[in-house]
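Protein chains: 2
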Amino acid sequence: MPVYKAPVEDTLFVLNDVLGLEKYNNLPGFADATPDMIEAITGEAARLSEEVLFPLNLSGDQEGCTRHDDGSVTPPKGFKQAYDQYCEGGWSGLSVPEEFGGQGLPYTLHSAVGEYMSSANMALIMYPGLTNGAVAAILVHGSDAQKTTYVPNMVSGKWSGTMNLTEPHCGTDLGMLRTRAVPQPDGSYRITGQKIFISAGEHDMTENIIHLVLARIEGAPEGTKGISLFIVPKFLVGADGSVGARNGVTCGAIEHKMGIHGNATCVLNHDDAVGYLIGAENRGLAAMFVMMNEARLGVGLQGLAISEAAYQSAASYARDRVQGRSLTGPKAPDKKADPIIVHADVRRTLMQIRSVNEAGRAFMLYTALQSDIAHRSPDEAERQKADDILSIMTPILKGVMTDRGFENAVQAQQMFGGHGYIEEHGMSQYVRDARIAMLYEGANGVQAMDLVGRKLAANGGRAVMAVFKEIGDFCEDNRGDERLAPYTKAIKKGLNDLQASTMWFMSNAMAKPDNAGAGATDYMHLFGVVILGFMWGKSAKAALERIEAGDSRTDFLNNKLVTAMFFMERLMPETALRKARIEAGADSVMALDAAAF
Amino acid sequence: MPVYKAPVEDTLFVLNDVLGLEKYNNLPGFADATPDMIEAITGEAARLSEEVLFPLNLSGDQEGCTRHDDGSVTPPKGFKQAYDQYCEGGWSGLSVPEEFGGQGLPYTLHSAVGEYMSSANMALIMYPGLTNGAVAAILVHGSDAQKTTYVPNMVSGKWSGTMNLTEPHCGTDLGMLRTRAVPQPDGSYRITGQKIFISAGEHDMTENIIHLVLARIEGAPEGTKGISLFIVPKFLVGADGSVGARNGVTCGAIEHKMGIHGNATCVLNHDDAVGYLIGAENRGLAAMFVMMNEARLGVGLQGLAISEAAYQSAASYARDRVQGRSLTGPKAPDKKADPIIVHADVRRTLMQIRSVNEAGRAFMLYTALQSDIAHRSPDEAERQKADDILSIMTPILKGVMTDRGFENAVQAQQMFGGHGYIEEHGMSQYVRDARIAMLYEGANGVQAMDLVGRKLAANGGRAVMAVFKEIGDFCEDNRGDERLAPYTKAIKKGLNDLQASTMWFMSNAMAKPDNAGAGATDYMHLFGVVILGFMWGKSAKAALERIEAGDSRTDFLNNKLVTAMFFMERLMPETALRKARIEAGADSVMALDAAAF
Chain A
1 MPVYKAPVED TLFVLNDVLG LEKYNNLPGF ADATPDMIEA ITGEAARLSE EVLFPLNLSG
61 DQEGCTRHDD GSVTPPKGFK QAYDQYCEGG WSGLSVPEEF GGQGLPYTLH SAVGEYMSSA
121 NMALIMYPGL TNGAVAAILV HGSDAQKTTY VPNMVSGKWS GTMNLTEPHC GTDLGMLRTR
181 AVPQPDGSYR ITGQKIFISA GEHDMTENII HLVLARIEGA PEGTKGISLF IVPKFLVGAD
241 GSVGARNGVT CGAIEHKMGI HGNATCVLNH DDAVGYLIGA ENRGLAAMFV MMNEARLGVG
301 LQGLAISEAA YQSAASYARD RVQGRSLTGP KAPDKKADPI IVHADVRRTL MQIRSVNEAG
361 RAFMLYTALQ SDIAHRSPDE AERQKADDIL SIMTPILKGV MTDRGFENAV QAQQMFGGHG
421 YIEEHGMSQY VRDARIAMLY EGANGVQAMD LVGRKLAANG GRAVMAVFKE IGDFCEDNRG
481 DERLAPYTKA IKKGLNDLQA STMWFMSNAM AKPDNAGAGA TDYMHLFGVV ILGFMWGKSA
541 KAALERIEAG DSRTDFLNNK LVTAMFFMER LMPETALRKA RIEAGADSVM ALDAAAF
Chain B
1 MPVYKAPVED TLFVLNDVLG LEKYNNLPGF ADATPDMIEA ITGEAARLSE EVLFPLNLSG
61 DQEGCTRHDD GSVTPPKGFK QAYDQYCEGG WSGLSVPEEF GGQGLPYTLH SAVGEYMSSA
121 NMALIMYPGL TNGAVAAILV HGSDAQKTTY VPNMVSGKWS GTMNLTEPHC GTDLGMLRTR
181 AVPQPDGSYR ITGQKIFISA GEHDMTENII HLVLARIEGA PEGTKGISLF IVPKFLVGAD
241 GSVGARNGVT CGAIEHKMGI HGNATCVLNH DDAVGYLIGA ENRGLAAMFV MMNEARLGVG
301 LQGLAISEAA YQSAASYARD RVQGRSLTGP KAPDKKADPI IVHADVRRTL MQIRSVNEAG
361 RAFMLYTALQ SDIAHRSPDE AERQKADDIL SIMTPILKGV MTDRGFENAV QAQQMFGGHG
421 YIEEHGMSQY VRDARIAMLY EGANGVQAMD LVGRKLAANG GRAVMAVFKE IGDFCEDNRG
481 DERLAPYTKA IKKGLNDLQA STMWFMSNAM AKPDNAGAGA TDYMHLFGVV ILGFMWGKSA
541 KAALERIEAG DSRTDFLNNK LVTAMFFMER LMPETALRKA RIEAGADSVM ALDAAAF
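So the sequences go chain by chain: A and B.
Reading the first sequence from the start, the letters are residues 1 to 597 in this note's numbering.
Reading the second sequence from the start, the letters are residues 1 to 597 in this note's numbering.
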């Protein structure tokens, strides 16, 4: 049976000791997030995750969602009750401004507790997760009336939200979408078309579902410049906020997916459905990107969350399962065999997952903090710098943490031997659930191209320079510290490889853009390793400082230093490999005829 | 919908041009395997795989196996008919000696066609696959009477076979097994105990099932030295070969697995079942290793087979699916978007899979050829050398090709974007099916430990020296060839890293065995990359020679050179990373308390 305990101690270490959240209490909402408050909130989220969400994870996977003949959909048993508890706890509005019924706390804190909930039950927590994205889009691009009509009920969780982007023939290339919107005399639109892969698309957990739908207004230009964003409620909403007639949007089918069975991924048929334009005509993609960017951070978080959950079960199994003897002599002579955690190859696997998870948690919270600063800082220069860093971190967090999260789930499953392949142990579910995160919200190759093709060169490379400076300064500032030297030296070496690869693109991808494409995925991962290494550098520094200050978390802090060293020894050397691949260029990649594949 | 065409042209290239099978026609059975005969046999196997086995793959996964209340098991629809066609074609006895009803052809050829069948329907072909392993064990260790009684009906496919090793509390560590055997006055035994994870354990496709069962004879020593191997037929066999009474072995349950749903993986309960000892008392593990070694080659082959099948569907999808435009301008201006195969990141993915598959095919057939030489050569020195090489290659083929096969299936699935996550496209099945190959027949960590802990040091390192010499000689012999220089140079560099890492173990793992364990998986993969590179070197050499000779397969041969170059540029640099990890040693791996994980 899988086990899960929210890693509260580690979250608090990252927030308080590594990121120093207290330094940001000039930002709105941050003053309320005192260390005591953070401890209380993470503790409460841990309880909900461990006791309410997690017990429904395996059963939700096995039962899945049921579509009835009338198009209604029932999620797995217990999901509605757990969702109600989530809403009652106020979790859905944690970082939403108070004027819309939220608590206005940092998005960073929302992300911290979001990890626990995704670890505990990714399929379930995606229902409110989609609502968050929809709320963000309405808050940024919606009219005041739209905000008043929809947001408070979505923030309370009474209503949920979805994102309707993909169509059968287009996902990555939304410029081809065909769903059309016909203007009506009253200012509304009628929407017709088929959308697929709609997470949380239909269910009975909320009184209404607010679909955000991309469509093309009749006569709009072709391509991405003719796409608009619409609100299409499942039930029309009266002027008084009451829920009225059923709208023309129905669930045509539930997709048969590899994983996240507890989430109703729907084919949604819009048939003359009433829709309301959000923002300006033909500017739907911009509005959609508000959702997408937030969603990408959320998906990167899922990669971490599943990796952490899978790790915990693997570690627990490795302590319990006895099989074979240690190479250095029996460790449990009273038993017929030693627990498999004595084997160096088993430990190497666990250390590898752990070293990515802990740095990944710091990376995820660091990125969330940039989002808070970018949105809340009173200082424009600070906002811009944070927004720059965020723009670089978003595709990397999404692409790298979901690739590594999946890989880690596979490795955690491996610890179980043949038992890992049996559904009852829950490890297969982690692998199957983690798999989607590499695909949705922009497949990871799209993230890599976003990084290399768009983010690197934006504003003359201002953003990437800012990131390099952060990391370079860290190495430089701690140059004199001998205890940190093994860490900073490795980080500096990685940064050099990263900068050299960046220069290589500058020199070689202008004339031959395929050189960028051929190296994009390796570049994203090279960048990811350096950032994770940087996070380990910051964590090691914080650990050393706390040890020096006589902090009582002795084992915890010493384990940080060991795990950081493991990362430097075993993960950082990847940068040279990635650089070599990038510099190989596109020649052998592009040489074959398409027919030869 | 998935697509599959057996890669006959590539198989023939490897057998004829790379390995030069004709050179071995002094070995029994090889004289019959003329190029014409090989072409006919691979062509016929291709037809069976594409037309009979493959159409049942997806449906078999979706339907799965059904256990009835009486313990009988029904495989998916169509499996029995397809199995009958397989048997009618004589495929089950292809490489079995003629005196036992087989055709006595090379095991290498059996492996070549086995790839196609595993690509087409891994779950189905495992039924006869298990029979092959059981036949091998009876032929090596069984009495003449046992051979006569069981083997001909197993070779014809009228009866099938299984391997009963694992118990709930032990898999890797068979020394702990509890199934017991009580001697009877007539020389038979009565077997009692529970076995789990028994592939093809119960079904109605054959008239009888011959279970090979590990058990401990009453009073035998504890541990691995007290294990014996037994034949336990589902139906007892009369002296005249007739099938008689039902034996006391029943299917208690079918496991709920992540994949290979079409194969009935059973819990088998032995309840006072009649069993017959194979070979000597307490020497069961040795007999079992005959099955295991053959099975490990077969599982490595599965890794390749699924990777190839997944690749083909991904390449086909990449040619068809239009989405976005090439970075170098529209390639299909008449369409709304270009096929995604124009994108460098998509091609990089396909090239990566392809470069591993083609070298993997050569590796697999090269290893099978060593097995043929080791078993059939009249020359003892030749037999010993081949057996040495085989002993090294077996864990590497199993561990590396299944790790890479799975990784490739995941990457092939990635080409489909969100559609890859939907079961109807078949890519999820490839990933789920490929996953088991990393786990069974010894989890891949066990393969790595077998290589590092057992195979490296055996006979003073004689075997590993033989492999290094093969590769070193290839580089040396072709030193003067400028066209080959880019390949040999990269291989030589990889070999240097491999030899240095081997030396590192010699110097550092004696005093501290955890240094071996901590580096074992990286060492296995380092070795694997070098062997795959070596296979590319041999393939490039063969391609250049054929081009020079005016061979008409111009595109095919030129594509070989390009793909070989891709491998040298992008895969070979991995050796330095693996070496760095190995040399990091066990300190940070072993430092944490078990409770800290």
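Keep in mind that the hints are not guaranteed to be accurate.
If chains are identical, the list can't say which one is meant, so a pair holds when it fits in one copy or spans any two.
Here are the computed lysine-lysine pairs in the DSSO-like style, where the Cα-Cα straight-line distance is at most 27 Å [unchecked claim]:
hint, residue 1, residue 2
1, Lys-5, Lys-80
2, Lys-512, Lys-80
3, Lys-492, Lys-469
4, Lys-331, Lys-225
5, Lys-80, Lys-158
6, Lys-489, Lys-385
7, Lys-512, Lys-335
8, Lys-336, Lys-225
9, Lys-331, Lys-489
10, Lys-493, Lys-158
11, Lys-158, Lys-147
12, Lys-225, Lys-492
13, Lys-385, Lys-23
14, Lys-512, Lys-336
15, Lys-512, Lys-331
16, Lys-225, Lys-335
17, Lys-23, Lys-335
18, Lys-158, Lys-331
Hint data in this document are derived by calculation from the structure and do not stem from the laboratory.
Going down the list of hints, with the structure as the test:
no. : hint              : result
1   : Lys-5 x Lys-80    : within (23 Å within a copy, 47 Å between copies)
2   : Lys-512 x Lys-80  : neither (53 Å within a copy, 55 Å between copies)
3   : Lys-492 x Lys-469 : within (12 Å within a copy, 39 Å between copies)
4   : Lys-331 x Lys-225 : between (67 Å within a copy, 22 Å between copies)
5   : Lys-80 x Lys-158  : within (12 Å within a copy, 53 Å between copies)
6   : Lys-489 x Lys-385 : within (26 Å within a copy, 46 Å between copies)
7   : Lys-512 x Lys-335 : between (63 Å within a copy, 24 Å between copies)
8   : Lys-336 x Lys-225 : between (69 Å within a copy, 14 Å between copies)
9   : Lys-331 x Lys-489 : neither (36 Å within a copy, 46 Å between copies)
10  : Lys-493 x Lys-158 : neither (51 Å within a copy, 63 Å between copies)
11  : Lys-158 x Lys-147 : within (15 Å within a copy, 72 Å between copies)
12  : Lys-225 x Lys-492 : neither (43 Å within a copy, 54 Å between copies)
13  : Lys-385 x Lys-23  : within (17 Å within a copy, 68 Å between copies)
14  : Lys-512 x Lys-336 : between (63 Å within a copy, 23 Å between copies)
15  : Lys-512 x Lys-331 : between (59 Å within a copy, 15 Å between copies)
16  : Lys-225 x Lys-335 : between (69 Å within a copy, 18 Å between copies)
17  : Lys-23 x Lys-335  : neither (52 Å within a copy, 54 Å between copies)
18  : Lys-158 x Lys-331 : neither (55 Å within a copy, 49 Å between copies)
Hint check: violations occur at hints 2, 9, 10, 12, 17 and 18; the rest are consistent with the structure.
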